[in-house]
Amino acid sequence: MIVLEFKAYPNQHQASAIQEAIRTAQFIRNKCLRYWMDNKGVSKYDLSKLSTVLAKEFPFVKELNSQARQASSERTWSAILRFYANCKLKVAGKKGYPKFRKNARSVEYKTSGWKLSDTRKHITFTDKKGIGRLKLKGGYDLHFYDIDQIKRVRIVRRADGYYVQFCVRVERTEAIEPSGNAIGLDVGLKEFYTDSNGNAEPNPRFYRLGEERMKFKQRRVSRKKKGSANRSKAINQLARQHLKISRQRKDHAVKLARCVVQSNDLIAYEDLRVRNLAKNHCLAKSINDVGWYQFRTWLERYGKVFGKVTVAVNPAYTSQNCSSCGTTVKKSLSTRTHACQCGCTLDRDRNAAINILNRALSTVGHTGTNASGDLASIWIGENLSKQAGSMKEESSRL
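Just so you know, we're using my numbering here: the sequence shown kicks off at 3 and counts up by one.
Honestly, I wouldn't trust all of these hints.
With a straight-line Cα cutoff of 30 Å, these simulated DSBU-like cross-link-like pairs (lysine-lysine) come out [what the hints assert, rightly or not]:
1. Lys9 / Lys96
2. Lys64 / Lys46
3. Lys46 / Lys123
4. Lys139 / Lys46
5. Lys246 / Lys101
6. Lys226 / Lys137
Estimated spans, in silico, between C-beta atoms of each pair [as the list claims (entries may be wrong)]:
7. Arg222 / Leu83: 22 to 32 Å
8. Lys123 / Phe60: 26 to 36 Å
9. Tyr142 / Thr330: 43 to 53 Å
10. Asn316 / Cys346: 28 to 38 Å
11. Lys90 / Lys227: 48 to 58 Å
12. His145 / Glu59: 38 to 48 Å
13. Thr330 / Lys46: 48 to 58 Å
14. Asn316 / Gly200: 38 to 48 Å
15. Asn316 / Leu211: 51 to 61 Å
16. Lys46 / Ser114: 16 to 26 Å
17. Leu211 / Lys46: 19 to 29 Å
18. His244 / Lys123: 22 to 32 Å
19. Glu65 / Arg215: 37 to 47 Å
20. Ser114 / Arg215: 21 to 31 Å
Quick caveat, the hints were computed from the structure, so don't treat them as lab data.
Remember, it's a predicted structure, so these values are computed and weren't measured experimentally.
Glycine included, each C-beta is placed from N, C-alpha and C at the ideal position.
Can you make the complete structure from the sequences, with help from the hints?
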């Protein structure tokens with residue numbers, strides 16, 4: 003499944019209709035969540051039936067396409083299942099109990115309620131919300147895909163306008179020549195990562211660079227009268243600044259992950275619990291700014307696309323142990339050089355990257371975890387050389 007995003011250009015009436023559709027989807031979600039809270043043994047089909055009952059009870063719900071109503075109830079059920087999964091796996095900390103939405107930003111249609119034009123440059127929403135025909139602008143060509151392959155269509159509201167996303171059911175794979183390289187990555191705050199070959203990627207620090215501008219925008223918001231049009235404009239400008247930084251961080255993670263995966267046949271990295279690391283109030287801003295979550299996510303995604311092996315290993319003592327003899331050399335965070343009695347003297351981060359690679363070469367990594375590391379599982383004791391015969395088969399499991 004891939005997601006293709008296009009910028010939409012609604013007029014004022016269409017923008018109001020989109021907002022009404024988003025509020026209706028939010029209303030259905032909150033009603034489904036309340037129904038689940040008040041009744042035991044509620045299933046996915048019960049929530050789907052509830053969306054039909056709501057359509058009969060409220061005229062504004064009936065105006066939304068029937069499959070869009072079902073999609074809203076299904077998204078509620080996905081949040082409930084995620085909560086159940088976290089409880090079953092005994093995830094540390096909060097389990098992600100579903101919450102009521104008060105400022106939703108998207109509405110999702112399934113295979114009905116919309117129609118693409120012959121040129122694939124416009125989309126028309128055919129339900130009774132009155133959204134109508136929207137112009138699409140983007141760098142993708144929808145002519146490459148059949149209409150039957152488009153399983154979901156979302157309208158997303160952001161600070162700089164509205165976007166239409168197409169969820170296309172297609173298997174994305176790209177064949178490239180094996181490089182014969184294996185690499186270990188040690189992420190950090192001083193450098194974005196240091197690999198086992200000694201190469202370091204600088205940390206861009208996008209939030210730090212834009213922090214002064216952010217503070218300026220925030221001061222403008224605080225000076226405006228609450229409820230005024232000027233305050234709304236100032237809030238939108240602040241949101242645009244946040245959006246710019248998040249896009250910079252994502253673009254950096256995507257491009258860097260693609261280069262790393264294309265250049266190596268095996269990529270080893272730390273199975274970090276980013277959520278727990280961010281609890282350190284002295285480092286929380288820097289940890290959230292560096293974007294380890296997105297980088298690891300895209301490493302795993304491109305690993306599947308290019309048929310490469312990505313391995314997450316336990317980060318314990320990778321900085322303390324000597325990569326040459328295995329002796330534990332205690333050092334504080336301020337000590338940036340690893341010096342062992344065996345004569346091995348390396349940069350602290352490169353020593354950790356080599357240890358990460360060595361662990362990966364003797365283990366098989368996780369399957370399909372998120373970058374916070376909360377659901378990661380390490381299979382110890384299975385030699386990676388057993389997997390060398392079928393790199394593609396291994397990558398499909400990751």
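Each hint, compared with the structure:
{"no.": "1", "hint": "Lys9 / Lys96", "result": "36 Å, violated"}
{"no.": "2", "hint": "Lys64 / Lys46", "result": "20 Å, holds"}
{"no.": "3", "hint": "Lys46 / Lys123", "result": "35 Å, violated"}
{"no.": "4", "hint": "Lys139 / Lys46", "result": "36 Å, violated"}
{"no.": "5", "hint": "Lys246 / Lys101", "result": "27 Å, holds"}
{"no.": "6", "hint": "Lys226 / Lys137", "result": "34 Å, violated"}
{"no.": "7", "hint": "Arg222 / Leu83: 22 to 32 Å", "result": "42 Å, violated"}
{"no.": "8", "hint": "Lys123 / Phe60: 26 to 36 Å", "result": "35 Å, holds"}
{"no.": "9", "hint": "Tyr142 / Thr330: 43 to 53 Å", "result": "52 Å, holds"}
{"no.": "10", "hint": "Asn316 / Cys346: 28 to 38 Å", "result": "22 Å, violated"}
{"no.": "11", "hint": "Lys90 / Lys227: 48 to 58 Å", "result": "49 Å, holds"}
{"no.": "12", "hint": "His145 / Glu59: 38 to 48 Å", "result": "42 Å, holds"}
{"no.": "13", "hint": "Thr330 / Lys46: 48 to 58 Å", "result": "51 Å, holds"}
{"no.": "14", "hint": "Asn316 / Gly200: 38 to 48 Å", "result": "23 Å, violated"}
{"no.": "15", "hint": "Asn316 / Leu211: 51 to 61 Å", "result": "33 Å, violated"}
{"no.": "16", "hint": "Lys46 / Ser114: 16 to 26 Å", "result": "20 Å, holds"}
{"no.": "17", "hint": "Leu211 / Lys46: 19 to 29 Å", "result": "45 Å, violated"}
{"no.": "18", "hint": "His244 / Lys123: 22 to 32 Å", "result": "30 Å, holds"}
{"no.": "19", "hint": "Glu65 / Arg215: 37 to 47 Å", "result": "41 Å, holds"}
{"no.": "20", "hint": "Ser114 / Arg215: 21 to 31 Å", "result": "44 Å, violated"}
Of the numbered hints stated above, those contradicted by the structure are hints 1, 3, 4, 6, 7, 10, 14, 15, 17 and 20, listed in ascending order.
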